[in-house]
Amino acid sequence: MCSANATDDYIPEIGAECRFDNFEGFGVLQASFGYGSDRDGENFHFDLCQACFERLVDTVENLRTAHGVRA
Numbered sequence: 001m002c003s004a005n006a007t008d009d010y011i012p013e014i015g016a017e018c019r020f021d022n023f024e025g026f027g028v029l030q031a032s033f034g035y036g037s038d039r040d041g042e043n044f045h046f047d048l049c050q051a052c053f054e055r056l057v058d059t060v061e062n063l064r065t066a067h068g069v070r071a
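First residue of the sequence shown: 1, per the working numbering; consecutive thereafter.
A portion of the hints provided could be inaccurate.
[As the list claims (entries may be wrong)] Simulated restraints on C-beta separations:
| # | residue 1 | residue 2 | range |
| --- | --- | --- | --- |
| 1 | Val-69 | Leu-29 | 15 to 21 Å |
| 2 | Tyr-35 | Asn-62 | 18 to 24 Å |
| 3 | Gly-68 | Asp-40 | 26 to 32 Å |
| 4 | His-67 | Phe-33 | 19 to 25 Å |
The set of hints was computed from the structure by calculation and includes no laboratory data.
Note that the Cβ used here is the ideal one computed from N, Cα and C, for glycine as well.
Turn these sequences into a full structure, and let the hints guide you.
Structure, rendered in structure tokens:
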């Protein structure tokens with residue numbers, strides 16, 4: 001099941017159905033924080049359906065644009 005959504009439902013914000021029964025379209029997000037970080041020692045692993053992963057990519061691209069970071 002998609003880590004971002006507890007159900008396999010249509011998500012209006014995404015405009016797609018969040019489905020994690022099709023392993024052809026999913027993405028993995030992993031993060032580990034080290035010494036000196038406020039999240040020192042924390043590890044994250046998320047399996048995301050393609051629709052939720054695309055939403056995450058859009059969010060990151062919007063943040064980059066807002067902070068003047070070029071691709």
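Hint by hint, where does the structure go against what was stated? Just the numbers, ascending. 2
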